[in-house]
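Chains as they are written, first to last, in our numbering: chain A, 10 to 200; chain B, 5 to 311.
Be aware that one or more of the hints could be misleading.
[Stated by the list, open to error] Straight-line Cα separation of at most 30 Å, DSSO-like style, residue types lysine-lysine; simulated pairs:
1. K174/B x K153/B
2. K124/B x K174/B
3. K140/A x K46/B
4. K17/B x K140/A
5. K99/B x K46/A
6. K219/B x K153/B
7. K174/B x K46/A
8. K140/A x K30/A
9. K30/A x K46/A
[As the list claims (entries may be wrong)] Here are a few chain A residues that face chain B, going by a calculated C-beta distance under 7 Å:
10. A58
11. T59
12. A60
13. H63
14. E64
15. L96
16. G159
17. N161
18. R178
19. Y182
20. R184
21. A185
22. Y188
23. R189
[As the list claims (entries may be wrong)] Restraint ranges, calculated between C-beta atoms of paired labels, are given here:
24. L32/A x K124/B: 39 to 45 Å
25. S174/A x M5/B: 15 to 21 Å
26. N236/B x E24/A: 28 to 34 Å
27. T146/B x E24/A: 45 to 51 Å
28. P33/A x E22/B: 48 to 54 Å
29. I171/A x H220/B: 42 to 48 Å
30. A12/B x R15/A: 37 to 43 Å
Keep in mind that the hints were calculated from the coordinates and are not lab data.
Ideal placement from N, C-alpha and C gives every residue a C-beta, glycine not left out.
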Amino acid sequence: MNEITRILSEMGRGERQASEKLLPIVYDELRRLARQKLAHEKPGQTLEATALVHEAYLRLVDADRPQEWDGRAHFFAAAAEAMRRILVESARRKLRLKRGGDLRRDELDEASIVAPEEDDRLLDLDAALEKLQHQDPRKAELVKLRYFAGLNNEQAAEALGIGTSTADRDWAYARAWLYREMGKGTDTTGN
Amino acid sequence: MTEETIFAAALEKETAGELRAFLDEACAGDADLHARVEALLKASADAGSFFEHPPAGLVATVDADLDGTPPSAGDSKNISLPELEPCTTPGRIGKLGPYEIIEVIGQGGFGLVLRAFDTKLHRIVAVKVLSRELAENPMAVTRFLREAKRMAAVVHDHVVTIHVIEDSAKPPYLVMQFIEGQSLQQRIERGGALRPAEILRIGMQIAEGLAAAHKHGVIHRDVKPGNILLENGVERVKIADFGLARAADDVDITRSGQITGTPQYMSPEQAQGEPVDQRSDLFSLRPPDLAEFALAPSLDWRAVLRR
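Start from the sequences, fold in the hints, and give me the full structure.
Listed below in structure tokens is the structure:
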């Protein structure tokens with residue numbers, strides 16, 4: 010049994026410390042997987058963040074031991090958070106480089122994110138998401154699962170243990186809330 | 005009413021007039037609340053396209069391979085999604101031909117099973133993609149496609165229907181009926197013991213499905229609870245993965261001289277790598293395994309099959 014599968018089953022048995030161990034491992038594995046895949050791509054090819062998360066699930070979670078949805082939910086929650094961090098760090102680093110500030114190299118620098126406007130938007134979203142996290146953690150979690158892990162409404166609802174209509178309502182509110190929040194910092198014209 | 009409940013109710017309003025009247029009433033003179041809800045509604049209209057596009061992906065650059073340490077797969081398994089085209093529909097991982105991939109639902113020796121939306125016929129389907137490793141082996145591809153074609157001829161209530169065989173795709177894939185439900189394996193693990201009547205009903209249906217396939221000369225080769233699907237509700241049996249075990253076996257035999265499969269359910273001739281026929285399927289469909297799971301008295305299924 011590999012490490013992630015083991016942690017998932019510990020979490021399934023309610024062992025609390027297990028969840029703290031999961032995130033760093035999933036984060037490292039996602040970075041490693043991204044690097045490994047990007048090394049084989051032609052320059053300019055993109056690697057979809059959400060597809061990467063799903064692929065990581067296949068690679069990292071022991072297929073011979075079919076996961077109950079519970080285990081998958083834990084995995085995707087950790088992977089969504091890890092992917093958010095990877096994208097945000099990459100966006101920050103790239104903007105820093107663009108401004109000529111920090112020239113330190115890092116493995117993911119070389120394979121960083123697309124257009125600068127998108128980097129800015131992503132950082133705006135992340136700042137808004139952090140506020141939402143304080144105000145309404147469940148909605149923030151839902152946004153991460155849908156946006157960064159690419160889960161659909163049904164899957165995200167199941168992962169959070171809520172009904173699909175609740176998830177639907179939460180999603181509508183959360184994304185309007187985030188978008189309003191994102192507009193506050195960057196949009197001074199009121200449009 | 006809170007900002008959130010007013011927002012949710014406001015989304016339901018159909019006309020601008022209706023909306024205005026509702027907001028005036030709900031916010032009851034609270035100008036600040038009114039403004040916040042208005043901003044939310046406006047953001048909601050614009051947020052769609054932002055949130056429905058997946059985040060910008062990671063982009064490969066020329067320098068990517070200059071990184072000192074060669075990337076290693078570590079304990080990751082060598083399984084990967086086929087190359088997917090990007091898909092703009094929310095909640096999809098990507099696109100494979102006309103199929104929008106929703107999620108990975110399983111994997112076996114032959115490759116991956118994906119849940120997908122068929123954009124032409126507007127229905128949910130299961131897509132089975134031959135693994136990259138097997139797709140590189142011409143013999144495995146030929147057998148995979150041949151078995152699939154034979155299987156496609158079998159139309160039976162208790163056999164998963166094959167809709168399409170994409171043999172020119174690389175890697176090739178099959179599009180099949182998507183069964184909403186669980187496998188017999190999951191049913192036993194989650195739901196506990198099967199009652200004797202259920203064992204009989206499920207056993208009969210498996211036997212009927214196998215008989216229909218055998219009539220067309222198709223042998224399953226890997227009958228086991230994990231390949232027996234039970235449709236939600238009525239728990240109608242659907243046998244999946246006919247003949248696919250064979251494509252995987254070939255490669256493993258040539259590579260390592262070993263036979264893969266599911267030993268617990270394998271017939272002696274199969275375990276010894278000898279030719280198999282429909283009797284091997286019947287061997288796998290034997291009661292002790294089910295009975296052991298189910299803690300039910302052992303049943304002689306062969307007696308059932310003779311009926």
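The hints, checked one at a time:
no.: 1; hint: K174/B x K153/B; verdict: holds, 17 Å
no.: 2; hint: K124/B x K174/B; verdict: holds, 20 Å
no.: 3; hint: K140/A x K46/B; verdict: holds, 20 Å
no.: 4; hint: K17/B x K140/A; verdict: holds, 29 Å
no.: 5; hint: K99/B x K46/A; verdict: holds, 19 Å
no.: 6; hint: K219/B x K153/B; verdict: holds, 15 Å
no.: 7; hint: K174/B x K46/A; verdict: holds, 19 Å
no.: 8; hint: K140/A x K30/A; verdict: holds, 25 Å
no.: 9; hint: K30/A x K46/A; verdict: holds, 25 Å
no.: 10; hint: A58; verdict: holds, 5 Å
no.: 11; hint: T59; verdict: holds, 5 Å
no.: 12; hint: A60; verdict: holds, 5 Å
no.: 13; hint: H63; verdict: holds, 5 Å
no.: 14; hint: E64; verdict: holds, 5 Å
no.: 15; hint: L96; verdict: holds, 6 Å
no.: 16; hint: G159; verdict: holds, 6 Å
no.: 17; hint: N161; verdict: holds, 3 Å
no.: 18; hint: R178; verdict: holds, 6 Å
no.: 19; hint: Y182; verdict: holds, 5 Å
no.: 20; hint: R184; verdict: holds, 4 Å
no.: 21; hint: A185; verdict: holds, 4 Å
no.: 22; hint: Y188; verdict: holds, 4 Å
no.: 23; hint: R189; verdict: holds, 4 Å
no.: 24; hint: L32/A x K124/B: 39 to 45 Å; verdict: holds, 41 Å
no.: 25; hint: S174/A x M5/B: 15 to 21 Å; verdict: holds, 19 Å
no.: 26; hint: N236/B x E24/A: 28 to 34 Å; verdict: holds, 32 Å
no.: 27; hint: T146/B x E24/A: 45 to 51 Å; verdict: holds, 48 Å
no.: 28; hint: P33/A x E22/B: 48 to 54 Å; verdict: holds, 51 Å
no.: 29; hint: I171/A x H220/B: 42 to 48 Å; verdict: holds, 46 Å
no.: 30; hint: A12/B x R15/A: 37 to 43 Å; verdict: holds, 42 Å
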